[in-house]
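**Q** Sequence lines, in order, name chains A, B and C. Numbering of the first sequence is given in the UniProt record's numbering, commencing with residue 1 and proceeding in unit increments. Numbering of the second sequence is given in the UniProt record's numbering, commencing with residue 1 and proceeding in unit increments. Numbering of the third sequence is given in the UniProt record's numbering, commencing with residue 1 and proceeding in unit increments.
Bear in mind the hints are in silico, worked out from the structure with no lab data behind them. Watch out, some of these pointers could steer you wrong.
Chain copies aren't distinguished; within one or between two, either way the pair holds.
DSS-like mimics (lysine-lysine), calculated; alpha carbons at most 30 Å apart, straight line [stated by the list, open to error]: (1) 291 <-> 15; (2) 380 <-> 42; (3) 208 <-> 345; (4) 125 <-> 39; (5) 374 <-> 412.
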Amino acid sequence: MMSEDQNRTLTRVGKGTPMGELLRRYWYPVAAEVELEQKWTKRVRLLGEDLVLYRDRSGNLGLIAEKCPHRGASMVYGIPETDGIRCAYHGWYFDATGQCIEQPNEPETSTFKERIRISGYRVEKLGGLIFAYLGPDPAPLLPRYDAFAVDRAIRVVGQAILPVNFLQVMENSLDPVHTEWLHGHYHEFIQRELGGDVRVAFSRHHIKTAFDVFEHGIVKRRLLEGQSEDSDDWRIGHPVVFPYMLAVGSGGLGTYAMQMRIPMDDTHTWHVWYNAYVPGEHVEIPQSLQKLCLYDVPWRDAEGEFITDYIDGQDIAMWVTQGTIADRTTEHLGTTDKGIILLRKLYMEQIQRVQKGLDPLGVIRDPSLNGFIKLPLERKKHHFSEGFESVTMRFQTRFCPIAKDLINFFEKTSVAQ
Amino acid sequence: MMSEDQNRTLTRVGKGTPMGELLRRYWYPVAAEVELEQKWTKRVRLLGEDLVLYRDRSGNLGLIAEKCPHRGASMVYGIPETDGIRCAYHGWYFDATGQCIEQPNEPETSTFKERIRISGYRVEKLGGLIFAYLGPDPAPLLPRYDAFAVDRAIRVVGQAILPVNFLQVMENSLDPVHTEWLHGHYHEFIQRELGGDVRVAFSRHHIKTAFDVFEHGIVKRRLLEGQSEDSDDWRIGHPVVFPYMLAVGSGGLGTYAMQMRIPMDDTHTWHVWYNAYVPGEHVEIPQSLQKLCLYDVPWRDAEGEFITDYIDGQDIAMWVTQGTIADRTTEHLGTTDKGIILLRKLYMEQIQRVQKGLDPLGVIRDPSLNGFIKLPLERKKHHFSEGFESVTMRFQTRFCPIAKDLINFFEKTSVAQ
Amino acid sequence: MMSEDQNRTLTRVGKGTPMGELLRRYWYPVAAEVELEQKWTKRVRLLGEDLVLYRDRSGNLGLIAEKCPHRGASMVYGIPETDGIRCAYHGWYFDATGQCIEQPNEPETSTFKERIRISGYRVEKLGGLIFAYLGPDPAPLLPRYDAFAVDRAIRVVGQAILPVNFLQVMENSLDPVHTEWLHGHYHEFIQRELGGDVRVAFSRHHIKTAFDVFEHGIVKRRLLEGQSEDSDDWRIGHPVVFPYMLAVGSGGLGTYAMQMRIPMDDTHTWHVWYNAYVPGEHVEIPQSLQKLCLYDVPWRDAEGEFITDYIDGQDIAMWVTQGTIADRTTEHLGTTDKGIILLRKLYMEQIQRVQKGLDPLGVIRDPSLNGFIKLPLERKKHHFSEGFESVTMRFQTRFCPIAKDLINFFEKTSVAQ
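Between the sequences and the hints, there should be enough to build the whole structure, so can you do that?
**A** See below:
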């Protein structure tokens with residue numbers, strides 16, 4: 001159990017809060033590149049700030065405060081220009097730093113515009129996503145984690161906006177045992193209710209779990225009943241990438257899978273499932289799979305009930321029913337929650353590092369360390385032992401419009417090992 | 001008019017409030033039995049508490065707190081077991097008393113589970129419903145009112161969740177005069193607007209009304225213009241069953257009709273219309289009418305306007321427009337509101353009895369008094385004098401999917417008198 | 001920038017607030033006459049009050065408090081009578097002054113009803129609308145502005161309920177420059193995005209603007225690039241009619257167009273676009289166009305996004321994104337905002353007049369001044385120079401179900417000049 005104060009410290013993400021200042025030391029996705037192909041702007045809510053991401057007529061991207069400082073209208077309805085964007089209301093023109101560079105109806109000699117400046121944040125592209133940095137200068141490097149940086153990959157990206165604080169989503173990733181119940185026994189129960197009788201690898205019992213802090217976060221490992229200590233699951237595991245990602249593990253399926261829990265504000269999380277499938281060395285990726293595929297992941301049905309017959313929907317049902325911000329003053333943690341306790345401790349320590357003016361865990365400034373960050377990932381992962389199609393259709397990837405194409409493609413060809 | 005304090009005392013239903021403690025001395029429906037035939041759990045909100053009603057693998061029912069005490073996930077998504085239910089998140093297993101009896105990933109020697117206990121409430125079946133008791137031990141008996149306990153009945157049960165405090169719904173039942181206007185003159189007005197010209201028995205003028213507290217609540221009686229004091233309406237009347245029901249009166253139609261206003265919380269009431277139709281002695285109930293029929297009663301149309309062309313819809317329009325919790329500090333009661341004043345006084349007196357440690361009105365502990373509680377009900381009720389079909393189609397029963405079958409059945413056969 | 005206090009003073013419209021008391025000195029539309037042809041009542045929210053407008057059996061209109069003072073039920077579901085309306089719940093009967101004139105179930109000798117009185121407000125018809133006055137006696141005259149009073153007109157009336165305070169809508173009307181950007185350059189941008197390449201008269205650059213307080217409000221004038229100072233746009237302009245209307249200007253199209261921003265409460269504005277088209281002197285109005293046409297103006301699409309490909313939708317996007325009540329403590333006004341500054345100053349001055357017991361600007365008490373109030377309106381308006389069809393289809397009039405009939409009619413016939 002935590003005190004109300006501790007819970008508040010770990011869950012408030014706005015500017016000037018302890019957690020908010022820690023989180024501002026990292027880069028976050030704000031869009032997929034494909035989103036700005038058909039339109040010029042995207043409304044972005046990140047760390048409690050309302051922003052507008054835009055593409056200008058030169059093809060450059062900008063991320064500035066949504067509200068025009070003149071009269072407060074939204075620049076999501078702005079007009080793109082050569083070097084920035086104009087507010088549609090009166091044509092005030094801003095560049096990507098947030099500086100006002102033209103007020104077309106003010107006198108030509110006016111210096112008024114020079115005194116008008118709004119937030120303008122750095123953006124960078126990687127792996128088909130657009131990332132932003134909202135923290136203090138100098139900005140660290142955008143980490144080139146394997147999933148984002150890998151070449152020759154088929155990229156499919158699911159997304160959902162969840163009405164919960166990001167922390168309870170992250171805690172789920174430091175809690176290996178829940179897979180045995182939620183994605184194992186509960187999944188089997190639901191499938192039997194629906195008429196099937198599916199036994200899944202997920203229901204295998206945990207003998208023990210372990211957690212090791214490393215330079216990019218925390219590696220978690222598990223030993224399941226019947227496994228030897230030589231198994232990949234116990235020797236290698238897969239990591240929570242500090243402070244807001246989970247690298248799921250490839251499981252020998254040629255996949256890099258990143259789950260990103262982007263804090264929109266204290267009570268909303270943009271959940272992004274980023275999968276990069278790497279075919280075997282000499283296999284050509286067909287045209288239809290070359291473009292990043294972005295899709296919505298549904299998690300409530302028409303009656304408002306949770307959709308719990310797939311793995312990620314099961315997680316979401318748990319997170320959302322914990323409450324918008326989980327009340328940690330009434331919880332009862334057991335021995336299997338040691339990963340959660342470690343994660344909270346790590347956040348607190350890194351908050352203190354930031355308060356002392358130090359870089360927190362995982363911040364990268366040395367380009368030589370940022371070529372291609374290969375994260376530890378099990379190859380032979382018990383949970384994925386039912387094979388590519390089974391795993392693809394049991395996760396949120398089932399909602400990917402090209403899921404069938406993916407399965408057909410990987411059935412005919414080999415995947416990278 | 002009441003003071004704000006008095007209004008608050010009579011309308012707050014949560015644990016520890018004066019009214020909440022009074023209400024906790026009674027049994028409430030939480031579901032119809034048929035609801036748990038196709039599924040294992042039902043989310044229940046009652047007296048401000050979030051609960052989950054479940055059926056276990058042995059066929060027993062349980063009613064426990066919705067949230068797992070481990071990490072706060074909802075057990076509406078729980079897994080039924082032989083003697084209780086498991087949280088889907090980590091498999092914690094609870095029995096019907098709310099005791100945690102297994103934590104499958106804690107060490108075998110752990111005594112942690114013994115210290116984990118949540119609310120677990122008594123449930124009992126009666127008349128096709130599942131009732132629950134949330135109060136202190138020892139629990140009183142579940143009253144076997146005639147409508148619930150009667151044998152050989154066709155049971156149809158309408159339901160609606162209304163966004164209002166239960167008190168204004170109950171006050172409506174101590175207010176006989178509203179029938180003359182709302183269900184009489186207003187009903188005739190609406191029917192004329194729709195093109196008909198229907199004169200209804202309800203519009204008959206009230207000469208006088210009377211209210212008598214008795215062992216199960218308050219009997220209300222009316223004398224209508226043209227009636228003699230020998231009429232059933234004046235001699236017998238029908239009762240408000242304390243603290244949350246109205247027995248509508250059979251009116252010689254072979255019907256027991258209970259309206260139940262179940263306080264979900266301060267601002268929501270689950271309204272249940274429970275009708276038991278008893279055919280004549282030697283009449284066989286057809287197969288199609290033997291199973292309890294549960295259905296939703298609509299009360300707003302697609303535009304959000306109230307549906308006021310049926311009797312219960314008229315009541316609902318009044319209750320809901322009074323406000324979520326009616327502001328009794330601005331009301332102006334007249335002589336015809338003496339029943340409402342009596343009801344409020346009765347609640348206050350019974351609150352005080354509970355505060356003194358005494359059983360309040362209507363609580364039954366002696367089994368010899370609970371065989372079959374026959375409530376006083378007029379047989380020849382002027383309001384129902386238009387006959388079975390007319391009454392059935394003018395009340396919420398019109399939305400019952402087997403209403404036509406019911407009418408056909410009772411047109412061909414006799415009803416119990 | 002304003003202080004929070006100043007912003008509050010100018011935006012709170014409830015009874016007893018400074019702005020609320022000023023606004024109560026004027027008449028407001030509460031319905032179109034056609035709305036009460038098919039029904040007897042209309043729910044009205046005006047200046048923070050909940051009211052019911054009704055038609056009685058004698059054909060007279062009344063506007064009284066919505067809630068019955070007896071038990072608080074809504075009289076929107078009332079029964080119309082010869083001289084007023086009855087509450088449907090218990091038949092209490094009110095006349096148009098709000099006096100209770102019958103309580104049918106109280107004793108005949110009771111004087112209770114004499115002590116029951118609710119708000120009852122004056123209503124008057126003009127130009128197919130029903131106007132109400134909520135202020136102190138004696139009521140001023142209902143101003144007979146040209147658009148409402150003109151004879152032989154085709155009247156089409158669009159409406160939308162906007163979730164914003166009325167002030168930011170009014171400020172828009174003292175801000176001529178926004179037309180150049182929002183309805184000019186932004187409009188052209190959106191049309192190009194949709195595949196067209198439309199150059200509109202609106203995008204012409206403003207050389208200067210002027211604002212003159214006059215007896216009915218503020219006349220605003222503009223000089224556009226290429227215009228001479230003899231142009232109607234600069235010589236005549238068109239007025240904001242204090243305190244809540246804009247007379248758009250006929251532009252030689254035979255149109256009187258009034259935009260009305262009726263404050264429902266602090267956070268909602270009923271926007272009414274009132275157009276009266278006057279055909280040439282000897283032209284007969286066809287049957288199909290003789291009846292006032294009331295229609296809804298949509299401003300959000302199915303995804304909740306603003307519809308910005310028509311002029312009024314562009315305005316609405318700006319108003320709504322400014323926030324429910326625009327935060328004027330963070331604005332940055334420029335030289336082109338002098339009209340807005342003048343409007344705020346005028347409201348403050350008129351608030352003070354009311355506080356001194358004087359009539360504020362535009363209040364008319366002399367019938368000789370109220371025969372037909374001809375407002376200053378440009379005849380040759382640059383913005384409308386594309387002609388009748390183009391203007392009709394670019395404004396909210398596109399949603400008028402008889403827009404095509406209107407265009408066909410005026411293409412074949414002349415308009416009044």
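**Q** Give a verdict on every hint.
**A** Tested hints:
no.	hint	result
1	291 <-> 15	neither (36 Å within a copy, 57 Å between copies)
2	380 <-> 42	neither (40 Å within a copy, 40 Å between copies)
3	208 <-> 345	within (21 Å within a copy, 63 Å between copies)
4	125 <-> 39	within (17 Å within a copy, 48 Å between copies)
5	374 <-> 412	within (27 Å within a copy, 75 Å between copies)
Going through the hint list in order, the structure does not satisfy hints 1 and 2.
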